[in-house]
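2 protein chains.
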Amino acid sequence: MNCKPINIKDFTPAEGFVMRLQKLIKREVIPYQYEVLCDRAEGAEKSHVVKNFENAAKALRGEDAGDGFYGMVFQDSDAAKWLEAVAYSLALFPDKELEKQADELIALIAEAQDEDGYLNTYFTIKDKEKRWANLLEGHELYCSGHFMEAAAAYYEATGKDTLLNVMKRNAEHIYKRFITEKHEGYPGHPEVELALLKMYRATGEKRYLDLAEHFVDSRGAGGNFYKREAELRDWTVWGNNPDDRYYQQSYAPVREQRDAVGHSVRAVYLYTGMAGLAAQNGDKELFSACRTLWESITQKRMYVTGGIGSTCIGEAFTTDYDLPNDTAYAETCASCGLMFFARAMLENDLNGEYADVMERAFYNTVLAGMSLDGKRFFYVNPLEVIPGISGETATHWHVKPQRPEWFTCACCPPNVARTVSSLGTYAYGTSGDICCCHLFAAGDVDFENGVKLRCSTEFPYGFTVKYEILSGNGRLAVRIPSWSESFSAKINGTAAEYSAENGYAFFGVKSGDVLEIELDDTPKFVYCSSKISENTGCAAVTRGALVYCFEGVDNNGDVLSLSLDVNSKIEQGEFIEEPDVYSLKINGFRTSSTDGLYTTRRPEAVPETLTAIPYYLWGNRGENQMRVWINYR
Amino acid sequence: MNCKPINIKDFTPAEGFVMRLQKLIKREVIPYQYEVLCDRAEGAEKSHVVKNFENAAKALRGEDAGDGFYGMVFQDSDAAKWLEAVAYSLALFPDKELEKQADELIALIAEAQDEDGYLNTYFTIKDKEKRWANLLEGHELYCSGHFMEAAAAYYEATGKDTLLNVMKRNAEHIYKRFITEKHEGYPGHPEVELALLKMYRATGEKRYLDLAEHFVDSRGAGGNFYKREAELRDWTVWGNNPDDRYYQQSYAPVREQRDAVGHSVRAVYLYTGMAGLAAQNGDKELFSACRTLWESITQKRMYVTGGIGSTCIGEAFTTDYDLPNDTAYAETCASCGLMFFARAMLENDLNGEYADVMERAFYNTVLAGMSLDGKRFFYVNPLEVIPGISGETATHWHVKPQRPEWFTCACCPPNVARTVSSLGTYAYGTSGDICCCHLFAAGDVDFENGVKLRCSTEFPYGFTVKYEILSGNGRLAVRIPSWSESFSAKINGTAAEYSAENGYAFFGVKSGDVLEIELDDTPKFVYCSSKISENTGCAAVTRGALVYCFEGVDNNGDVLSLSLDVNSKIEQGEFIEEPDVYSLKINGFRTSSTDGLYTTRRPEAVPETLTAIPYYLWGNRGENQMRVWINYR
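Protein chains in written order, with the working numbering: chain A, 1 to 633; chain B, 1 to 633.
Take these hints with a grain of salt, some might be off.
Identical copies carry no separate label here, and so any pair may be met within one copy or between two of them.
Below, computed lysine to any residue pairings styled on SDA-like, alpha-carbon distance capped at 20 Å [to be verified]:
no.	residue 1	residue 2
1	Lys531	Val553
2	Lys300	Arg601
3	Lys58	Lys375
4	Lys585	Asp521
5	Lys531	Gly391
6	Lys46	Pro579
7	Lys585	Pro607
8	Lys531	Gly552
9	Lys524	Arg602
10	Lys130	Gly68
Think of the hints as simulated: they come from the structure by calculation, not from any bench. Bear in mind that the values here come from a model prediction, so they are computed numbers and not experimental data.
Only chain A is shown next, with the shape it has when bound in the complex (with noise of 0.2 Å):
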């Protein structure tokens, strides 16, 4: 059974977690990431954006280009995931100002295209002898396939077609040159697949559908593209290896990879457009192998976070049962991206597993890239993080213990914005008659089947979760999370009948019902396969979709010498804000310090009640320790 994902308009959230999230990225995000875009935020790396349109534009009229380009090859990606943000949150909160402002920059864009369709400014400024020349590590495809998703949003939020045409020409041009005039190669970094299967879908456009066939089909078939590609030219962007084909996921062709490698942005990337595509025509084979990669992941490669990508070299998937807490990369990009692959799973198979994974992300890694006032991003987020190491020495440099400012290589922020304002499409989606909830998010739901319904719910702190069925006949798919080992539901107060299947309880309802679900609230001890080394005899902290964490801040300033007692059980902790979050406290040791580094007198453990915070909110009081896994008796 497949499940579709509602359109961004049939979302309008209500009070909730996720709605504070989504106004909180409109209050801060979106303005501050303008601010970047135009050199305007104080204190942040320089980022040019506006500048390199303008300039392209003018070298395009055949005027002096001004001061140039500057930023980044993918620096023009910036506007289009900024641009991509606003659609969606213009689509939840109506805002002429913000709507001018992105019209604006669409007018700008549009004057930078190629009259022949290109977009791109680091070429049109640089050179434009140098056009699809290095696919490897240009981000032409890149690059505009962050257009094209943009485009597809703001179309769909708004009905305005500027940047869509412009995109459309784009696309003609792409088709051009690697259908019409077949010149080989796929994309370094995998984007486009995805993106043109929204451009499909916004426009109905069968070219780009074939186009993302190609590009997917393409990868990995033939030999060494990118090495014949880098053998005819005389220049690189910054020198990656065209032998790596593990980093950009081109080692076999798609179909044939088994395990998820390389880059791990680029990987996710990719798989959601295998998916997508797979979904589009039914492609059970293609399907097949998603479900591969998926595992690979999700059964190997995963941080209990829901990170992925455990080193910082390549900021890459490594192996299997890989995943140290100190080191780890598990940028946030690579997990709004591991969600992007998840919805597309559920696109060819509603299964609970893939929403679960969707959630692990969101909630974890995907959140705690950004500081509870959401003005400073982790592009790292690690599971263990002592100041002195991290940040420090050589291995750990990456491993910031604070959320730094946005960065020059400002992926991560605007996809966090672009992800937390899409949640209304991750959360719902549709199956014939089939309305299908995923996530729990507070808001009005527009099924395409015609039925409407409210969903009220204060998750992941609240446990309860409302449904009302605003009108409309006919089934409810609430996924049952595999976390929750108790699920119980009332339909207009009285226990309802339901059949389980997949991870999702099926419920009949009409009209006027209400259907109230009860998860399960207990927070619990997690543990590991014992195939990670690095958390052998640990055992982590969750309350239904959360992870926890141990902080220095909330106990005694050392985290290192705790230990869990994991025979007793875990209680509600102090306030720490509105409306409902509390951290944990749980019944532990703490161990005397020895004298030196080793010793053969057995430290003491004395017992302390340890404190646990979510995960995603960790970093926001200062330089400390955190950990998520900690030792247990």
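Take the given structure of chain A and dock chain B to it, following the hints.
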């Protein structure tokens, strides 16, 4: 109280652990390395060392330099370390044929010395104009230092002074440049400092002592010399960063340095030179600086195995308590260097602490560097190995799960060879009328105070040490190892009186006396500071000087799911090899495997008898898991 090491010829090994090792070095390592140097060793990487000297000699004679130079910039030092090991080995086991090989190589080296005393094949063959222009990377002083050590050793062992005279001319050349002509500079890789001291002791030439002092005291003083030097040339050897003043311990004058930093071999070679100078000159200030650096290493930056340098990035120290097991560097050479440093500290201060560390480094990391058959070598000595991750992933590539054959950079094997072959000089020393027994090594010792003794022991597997006084009267200082909770002594069968001070037991002895020491043979659990994040909740197993480890081959292929019952007694296990090497048996548990990566079901802990073997023996039975630190309950 200071303590001078005995001369190499004053120790004659007797049947026991140390002699067996020394014979192994003579039988396997020395002949094999000679074949390597001559490019006749099958399977070994090309060395070209002998050819380099031949070609340099040709170049000096104005002939064509044949096939030129090949190898690392410090390739010459392989010949030097071989000669030094040969010297020590000849002192133990006279061998005319081996001596002839060494004499021939020395003659060749003499031919490769320029008439001004300069000796270095890299610069002689490649470009004489570049001499002394790149102290940062050029390793000229480093190679000279190794030849000086070899020269002093060969002279001491054989009485032959050909190489000593070569190195006197070389030392004069260096003196002229850096002292007489006042050229600025000090070595990028310390070594010449400790070597000049050996030259001074072998020849009595005060200029060598002055030169050593000069290099020690100019280091890190007066801004960044390496940067000034780099600005004067347009070439590098391998692009070392002159601004990285930690890497080569030049961030401050050495007397002001507080933390052991940078490349760990460079560090301990420097500190050895400093400590030797401090002892030679009675320089309390310098000794105090050494003491601070010693504490930095041994109280905050040393593995339980005596390994140092916890990151492969720069083969370097990192920061306090950062001691990862799985990505450790812990180079074999660095632990040899730690022994050098410890011996030099004993020259300043007779304190058992130094010998404790010397013993820890020797019996664990240094010996682990060599396979049981003396044919394969670890450069890196991890405390955890997981095939599939170790040696495979980008972060673990340097951690080989099996001892490789001789490397191109053949630093470690000859370092093990020279350390093992000269162990008598680490084990025994003289302090006035006191005969100092730092390590337990069977053999006859002639102390310069006239006492001769015979030590019999099967240490580290036997815990009885017998000292027979063959002639002379005096005092014996026998180290009371910090790991030995008990210590009993009998003289001629009767409980002996002794005074204990600074980790030594002092006995009055006379010719004919037999002193018998009983050390604590109880296997023990060792715990570490909770500041070492990698080991929280873990214990290691030791017996005497030996740290034990758990290998998959003894533990059903999986050591990750093991935990120790530290309340139980550790028993002797299976016989491993002659004469009395046994494994240890420890009660423990194996946790059941989980279904997936994460589960709320607590894994069962099933009792199991665990097997540990001495750490230095690991990796001799094929590729498998290995761990030193194991969770305990």
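So, going through the hints one by one against the coordinates:
1. For a Cα distance limit of 20 Å, the shortest separation of lysine 531 from valine 553 across copies, 16 Å, qualifies, whereas the shortest one inside one copy, 31 Å, does not.
2. For a Cα distance limit of 20 Å, the shortest separation of lysine 300 from arginine 601 across copies, 18 Å, qualifies, whereas the shortest one inside one copy, 38 Å, does not.
3. In this homomeric assembly, lysine 58 and lysine 375 never come within 20 Å of each other (Cα to Cα): the closest approach is 33 Å inside a single copy and 69 Å across copies.
4. In this assembly of identical chains, the alpha carbons of lysine 585 and aspartate 521 lie at most 20 Å apart only when taken from the same copy (15 Å versus 44 Å across copies).
5. Taking CA atoms no more than 20 Å apart as the test, lysine 531 paired with glycine 391 passes between copies only; the shortest distance there is 17 Å, against 27 Å inside one copy.
6. Proximity of lysine 46 to proline 579 under the C-alpha cut-off of 20 Å is found in neither arrangement, the shortest distances being 37 Å within a copy and 70 Å between copies.
7. Taking the closest pair of Cα atoms, lysine 585 and proline 607 come within 20 Å of each other only inside a single copy of the chain (13 Å); across copies the shortest separation is 31 Å, beyond that limit.
8. In this assembly of identical chains, the alpha carbons of lysine 531 and glycine 552 lie at most 20 Å apart only when taken from different copies (13 Å versus 28 Å within one copy).
9. Within a single copy, lysine 524 and arginine 602 get their C-alpha atoms only as close as 29 Å, which misses the 20 Å cut-off; across copies the closest is 10 Å, which meets it.
10. With identical chains, the CA atoms of lysine 130 and glycine 68 are at most 20 Å apart within one copy only, with a shortest distance of 16 Å there and 42 Å across copies.
The earlier numbered hints that this structure contradicts are 3, 6.
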